[in-house]
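Going line by line, the protein sequences match chains P and C. Going by the UniProt record's numbering, 81 is the number at position 81 of the first sequence; the sequence numbering is gapless. Going by the UniProt record's numbering, 109 is the number at position 109 of the second sequence; the sequence numbering is gapless.
Keep in mind the hints are simulated off the structure, nothing from the lab. All residues carry an ideal CB built from backbone N, CA and C; glycine is no exception. A hint or two may mislead.
Across the chosen pairs, the derived CB separations fall in these ranges [to be verified]:
# : chain 1 : residue 1 : chain 2 : residue 2 : range
1 : P       : 171       : C       : 173       : 33 to 39 angstroms
2 : P       : 140       : C       : 272       : 26 to 32 angstroms
3 : C       : 122       : P       : 34        : 47 to 53 angstroms
4 : C       : 118       : P       : 32        : 55 to 61 angstroms
5 : C       : 175       : P       : 126       : 51 to 57 angstroms
6 : P       : 178       : C       : 280       : 32 to 38 angstroms
7 : P       : 169       : C       : 279       : 24 to 30 angstroms
Here's the letter readout for the chains.
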Amino acid sequence: MAEIPILDIKHVGKTYTLGDTRIEALRDANLTVKKGEFVCLIGASGCGKSTLLRIVAGFEQPTTGDALMWDKPIQGPAPDRGMVFQDYGLFPWLTVRENIGFGPKSRGRPKSEVAETVERFVNLIGLTRFADAHPHQLSGGMKQRVAIARVLANDAEVVLMDEPFGALDAMTRERLQDELLELWQRTGLTVLFVTHSIEEAIFLADRVVVMEPGPGRIASEHRIELPRPRDVSSPEFNEVRRELGARLHSHHAKKAA
Amino acid sequence: MAEALIATAPAAVPTRSAGRRLAKRLGPIALSLVVPLLLLLGWHLAVKAGMTRLIPSPADVAEYMVDFAVGGIWDDAFSATLHLHLLASASRVYGGFLLAAAVAVPLGLLIGRIDLVRQLLDPFLQLMRPIPVTAWLPLSMILFGLGPKSAFFLVFLGAFYPILLNTIFGVKNVEPRLFEAASMLGCRGNAQFFRVVLPAALPSIFTGLRLGLGLAWFVIVVGEMTGVPQGLGAVIMDGRTLSRTELVICGMIVIGIAGFVSDRVVVMLMNRALRWSPMHRG
Ligand SMILES: Nc1ncnc2c1ncn2[C@@H]1O[C@H](COP(=O)(O)OP(=O)(O)OP(=O)(O)O)[C@@H](O)[C@H]1O
Ligand SMILES: [Mg+2]
C-alpha cells in the first residue's frame, strides 16, 4: 500500500464571483505533499497561490475537485492546519503570551498545560523579555515569530505560510528563514510556503511548485536536492537558481508570445 | 510592562532635571488657562463698563457660588444646597447612562453580529433615531409623570443611541483576518463573540460611552426643567423664573465641571482598558 500523503489536492478549481464577473483563480490544480515535506509555491502575482493556501486552510471551499488531508475532505479551518499571514493577524489586545496561548485555551486545555506550552514557545522564539508586551510594541520580525509560535503551540501538523517574510527587511528575513528551518527539522512539520523570491524558495524547500496565472494553475514542480544547510552563495545554489529562473521566465515568455 | 520595555531599550531617554520636568508638565496647563482667563477678564470689564445690567460680574458669581456651596453669605433658599442638586442630577445622569449602556452594548453586539436581530430591530431603531430627545419631553411626562422618572427616561434615550451605534460600528469593523486567525486556532462560532468580537469592538464601544455620557449631561437640564424640585436643571430654571442670573450661571458652571470630571473618569477607564491600542496610549 502506498503511503497516504498528508495533503492531497485533486483537480482543484476555484472560481470567484464578483457581481457579474467570474474570476477563475485556480484551474485543475494537483499537488500531493508528504508528511514532513517543505514545499514552496512560487509564481507571478495573481496566479492563485493565496487561493490554494486558503483552500488548504479551509477558509475557502474549492469550486471543483477535492482538497484532502489524510485522505479526508478539508472542512473549514481547524487547528491541525495553522496559517501564518503576511500581515501577522495577531490579536492586538492580547500580549505575546496570551496570543500564543489563544489556541490551546480555545481548545479547552487545562490552565497549567497552557501556561507550560506558552512558556516553552516564548523561550523558543526568544521573546522572553517581551512576553507581556502587546503586538504594537513589537517589530515586524517579532510579530511574525509570535504568529509562527501561535500556530506551533496549537499542535499544527501543517503550517501554511503566505509570504510570511515579505514585509521584513533582508536581515530579519534571513534570520527567520534559518529559525524556521531549524524548527522544521526539529519538529517534523509539514510546511506549505508561498513566496515571490526564487532564492527564498530554493533556500527553504524540498520541492518548489511553480504556478502560472490566467487562469491560475500549477505549471511545474522541481525537487531541490541541495544538501542542507544550504549556502546561497555556492555555485551549486546558483546553478539551481539559474535553472529555475529560466523555467519561470520561459513561462512568462510563452505567455507573452 | 511598557515602562520596562522603555527602560531596557538601547536609546534610553536622558533623565532631565526635576525643574525642567516640572516646567514641562505645567506648561500645557498654563497655556490651557490663557483663553478662560482672558474671557473672564473681558466679562469683568464688560460688566464694569456697564455694558449690561442683567449679568452679574465674575466676582459676584464667585461669591454666590460659595454661598450656593457652603452657605453663610446670603442664606436664602439656595444656600448650601449645591450638593443636593448635584447629587440629584448625577444620580439621574449615571442611572440613565448605566441603564442605556446595559441595554445598548449587548443590543449593539447582537445587531452587529446576528443578521436576524439586525433585520428585526435595525429599521425600527433607525426610524426612531431622528426624533430629538427634547421632542420626547411631553410624551415622557405623560408616560412617567412630572418628576425625576421622566428626566431619567430622557437621559436614557439621549445616551442610548450613541452607545448603540458605536457598538454596532465596532462589531462590523472587526478585521476579517482576526476571525480567520481565531477559527484556525480552534475558536469558532459563539466562542468568537467573547474572545474576538467584544475585545475588538471595545475602542468603538468606549467612544460610544463617552459620547453617551456627554449627552446625558446635556439632556439632564431639559429633563429637570419641569416638575423636578431638585437638580441642576431645576436650579437653572428657577434662576430664570426668579430673574437670578447668578444662580443660572452657577448652575451652568457646576454642570460644566461635573460633565468634564465624568468624561475624565471615562477617559481614564478607557486608557486602562485599551492599553493595547496604540491610538489610546497616554
Ligand atoms: N475573495 C476574492 N474575490 C474575488 N476574486 C478573488 C478573491 N481572492 C482572489 N481573487 C482573484 O483570484 C486571483 C488569484 O488571486 P490570489 O490571491 O490567489 O493570487 P496570488 O498568487 O496569491 O497573488 P499575489 O502573489 O499577488 O499574492 C486573482 O485574480 C484575484 O483577483
Ligand atoms: Mg497572495
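Evaluation of the provided hints:
Between residue 171 of chain P and residue 173 of chain C the beta carbons are some 35 angstroms apart, a value that agrees with the proposed interval 33 to 39 angstroms. In this structure, residue 140 of chain P and residue 272 of chain C meet the distance hint of 26 to 32 angstroms, their C-beta atoms being roughly 28 angstroms apart. At about 51 angstroms, the beta-carbon gap between residue 122 of chain C and residue 34 of chain P stays in the expected band of 47 to 53 angstroms. Against the hinted window of 55 to 61 angstroms, the Cβ-Cβ separation of residue 118 of chain C and residue 32 of chain P comes to about 44 angstroms, which falls outside the hint.
A beta carbon spacing of about 27 angstroms between residue 175 of chain C and residue 126 of chain P contradicts the range 51 to 57 angstroms that was offered as a hint. At about 37 angstroms, the beta-carbon gap between residue 178 of chain P and residue 280 of chain C stays in the expected band of 32 to 38 angstroms. A hinted range of 24 to 30 angstroms for the beta carbons of residue 169 of chain P and residue 279 of chain C is consistent with their spacing of about 26 angstroms.
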